[in-house]
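Going down the list, the sequences are from chains A and B.
Each residue of the first sequence is one higher than the one before, counting from 1 in our numbering.
Each residue of the second sequence is one higher than the one before, counting from 1 in our numbering.
Heads up, a few of these hints could be off.
Among the chain A residues that face chain B by a calculated CB cut under 8 Å, a handful are [to be verified]:
1) 48
2) 109
3) 180
4) 184
5) 188
6) 189
7) 194
8) 196
9) 197
10) 198
11) 201
12) 206
13) 207
14) 283
15) 287
In case anyone wonders, no lab produced these hints; they're calculated from the structure.
Backbone N, C-alpha and C define an ideal beta-carbon position, used for all residues, glycine too.
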Amino acid sequence: MGLMRGLALRAAVLSVLLFAVFVGAWQVATAPVAGVASGPGLSPEQIEYARMMGKDPGAQKSGGFPTPGQVAATIVGHLSDPFYDKGPNDKGIGIQLGHSLGRVALGFSLACLVAIPLGFLIGMSPLMRRSLDPFIQVLKPISPLAWMPLALYTIKDSSASGIFVIFICSVWPMLVNTAFGVASVKREWLNVALTLEVSSMRKAFLVILPAAAPTILTGMRISMGIAWLVIVAAEMLVGGTGIGYFVWNEWNNLSLTNVIFAVLVIGVVGMLLDLAFGWLQRAVTYVD
Amino acid sequence: MSAFLRVERLAKTYQPHKPVFQDVSFAIQRGEFVCIIGHSGCGKTTVLNILAGLDVATEGYVFMENREVAGPSLDRGVVFQGHALMPWFTVGQNIAFAVRSRWPDWDRARVHAQVEHFVALVGLGAAIDRKPSELSGGMKQRVGIARAFAIQPRLLLLDEPFGALDALTRGTIQDELMGIVRETTQTVFMITHDVDEAILLADRILLMSNGNETRAGYRPGRIAEVVDNPLPRERTRATLHHLEAYYPFRNQIVDFLVSRAKAV
Numbered sequence: 001m002g003l004m005r006g007l008a009l010r011a012a013v014l015s016v017l018l019f020a021v022f023v024g025a026w027q028v029a030t031a032p033v034a035g036v037a038s039g040p041g042l043s044p045e046q047i048e049y050a051r052m053m054g055k056d057p058g059a060q061k062s063g064g065f066p067t068p069g070q071v072a073a074t075i076v077g078h079l080s081d082p083f084y085d086k087g088p089n090d091k092g093i094g095i096q097l098g099h100s101l102g103r104v105a106l107g108f109s110l111a112c113l114v115a116i117p118l119g120f121l122i123g124m125s126p127l128m129r130r131s132l133d134p135f136i137q138v139l140k141p142i143s144p145l146a147w148m149p150l151a152l153y154t155i156k157d158s159s160a161s162g163i164f165v166i167f168i169c170s171v172w173p174m175l176v177n178t179a180f181g182v183a184s185v186k187r188e189w190l191n192v193a194l195t196l197e198v199s200s201m202r203k204a205f206l207v208i209l210p211a212a213a214p215t216i217l218t219g220m221r222i223s224m225g226i227a228w229l230v231i232v233a234a235e236m237l238v239g240g241t242g243i244g245y246f247v248w249n250e251w252n253n254l255s256l257t258n259v260i261f262a263v264l265v266i267g268v269v270g271m272l273l274d275l276a277f278g279w280l281q282r283a284v285t286y287v288d
Numbered sequence: 001m002s003a004f005l006r007v008e009r010l011a012k013t014y015q016p017h018k019p020v021f022q023d024v025s026f027a028i029q030r031g032e033f034v035c036i037i038g039h040s041g042c043g044k045t046t047v048l049n050i051l052a053g054l055d056v057a058t059e060g061y062v063f064m065e066n067r068e069v070a071g072p073s074l075d076r077g078v079v080f081q082g083h084a085l086m087p088w089f090t091v092g093q094n095i096a097f098a099v100r101s102r103w104p105d106w107d108r109a110r111v112h113a114q115v116e117h118f119v120a121l122v123g124l125g126a127a128i129d130r131k132p133s134e135l136s137g138g139m140k141q142r143v144g145i146a147r148a149f150a151i152q153p154r155l156l157l158l159d160e161p162f163g164a165l166d167a168l169t170r171g172t173i174q175d176e177l178m179g180i181v182r183e184t185t186q187t188v189f190m191i192t193h194d195v196d197e198a199i200l201l202a203d204r205i206l207l208m209s210n211g212n213e214t215r216a217g218y219r220p221g222r223i224a225e226v227v228d229n230p231l232p233r234e235r236t237r238a239t240l241h242h243l244e245a246y247y248p249f250r251n252q253i254v255d256f257l258v259s260r261a262k263a264v
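Please model the complete structure; the sequences and the hints are all you need to start from.
In structure tokens:
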């Protein structure tokens, strides 16, 4: 125990150290360099001329990439007012995240509603497994964004198309894992249910579901990870709202500090989602 | 009066013309404890699964109280070889699952009372809220037994329930099982590998031979001998080997297993 705590402490110290080195290197790399042709030998007229040409000899030239300080200031700025709304192209980060999370939640929930019952069916019936397998094998490897044009054409609503893309990318890992989990429920537990003449509904909810839950949750965790990857790309395409659109919009504004901030937010939220599913997974895991 | 359970000319075939066993017929009276002994692969577990309704015989019939056995039923409780407890349920929930299946219209209090009674019967009152993973092998098997008894089946089927336990634990649970069976006058059919276990528990022992190739051709497994237990019914594990009839009886069974079970 003491050894483990010692290890955790050393790992934390090393993490902080690595972070400091990274920020330090970043700072050095983006440090302002001296401006062009500044010198005492210029007359006031020459200086004014240079200013008019956009080459301020007194000012310092930056490489364009923001410094850690600038990014930190942006982060503080965004986080201190996350929910402002000043029109379509200027919303707080909280609102943008809310839109993205809402789309993911909706698409992911729809995928659960389809994938888990269908996975049960496939897992319990060898006939269904064999007959649906070719479709799953072909549909599974398709990049979710490839569906976007078809979705936009048929659904016509860009926001609904985004949700559809999340749905289609979340459905496969859940479906495959649910089917696998259900198919590999131990024979002896099913025999117990048989000898107790348990009704099929009770068997599904009290025997098969808890037995397959860890595998199903693994599928859901993978799906959520993919959905969070895809939502950013999908929102860049459909636009309007969301963290993906925010990234794209700030790129068009050439505001790299905002882009860096958004990238960090995407990472942190993705990590939190994964942690949440990891926690759920532990909650349903049993020791056999 | 016809027997409580009748097994008639049972056969199970996986490969054509090579049945694992054939012509297996026997009867069990109400309240009787019958053990079946045989080497691995002779098909004893298949016989038990057919009685439970979990497997289907290629030929032959099983009747319980003059009704044919077709599929599993709550009338026949099974204690499985590897306890088969649901690891996501606690001890109490595992038994309650069985009790609710037997009596779906019972209220919570009644289910709970039944569960508590049978958990106490196997001496696990203190462990009722623990998960199976927190129990030793012997305790898990006790829960399996309590679960089977809790639905008060007419016939109890035990598939080598103590095979995975150490000798000391096995002895203790054998005593407990015998106590409960005598008390409830339960009818039991049990598979075992252990000659002493059979002598202690059984009123009658079926000796099953393996299928084998002889000069006259393939000979399927069958019930080669049926022996009545000559020892008094009120026997205990501690004094068993002091009984006069014990050694001749034991030798008879061991001789069968060593010399005749495979090479008849």
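Results of checking the hints against the structure:
1. 48: Since the shortest Cβ distance to chain B is 81 Å, the answer is violated.
2. 109: violated (24 Å)
3. 180: violated (18 Å)
4. 184: It is violated, given that the least Cβ distance between residue 184/A and chain B is near 15 Å, above 8 Å.
5. 188: Status holds, d = 4 Å.
6. 189: Holds, because the Cβ-Cβ distance from residue 189/A to chain B comes to roughly 6 Å (cut-off 8 Å).
7. 194: holds (4 Å)
8. 196: holds (4 Å)
9. 197: Check passed: Cβ of residue 197/A comes within 5 Å of chain B, closer than 8 Å.
10. 198: It holds, given that the least Cβ distance between residue 198/A and chain B is near 5 Å, below 8 Å.
11. 201: Hint violated; residue 201/A Cβ to chain B Cβ min 12 Å, cut 8 Å.
12. 206: OK, holds: residue 206/A within 8 Å of chain B, min 7 Å.
13. 207: holds (7 Å)
14. 283: Cβ of residue 283/A sits 11 Å from chain B, so the hint is violated.
15. 287: Holds, because the Cβ-Cβ distance from residue 287/A to chain B comes to roughly 4 Å (cut-off 8 Å).
Against the hints set out earlier in the document, violations occur for numbers 1, 2, 3, 4, 11, 14.
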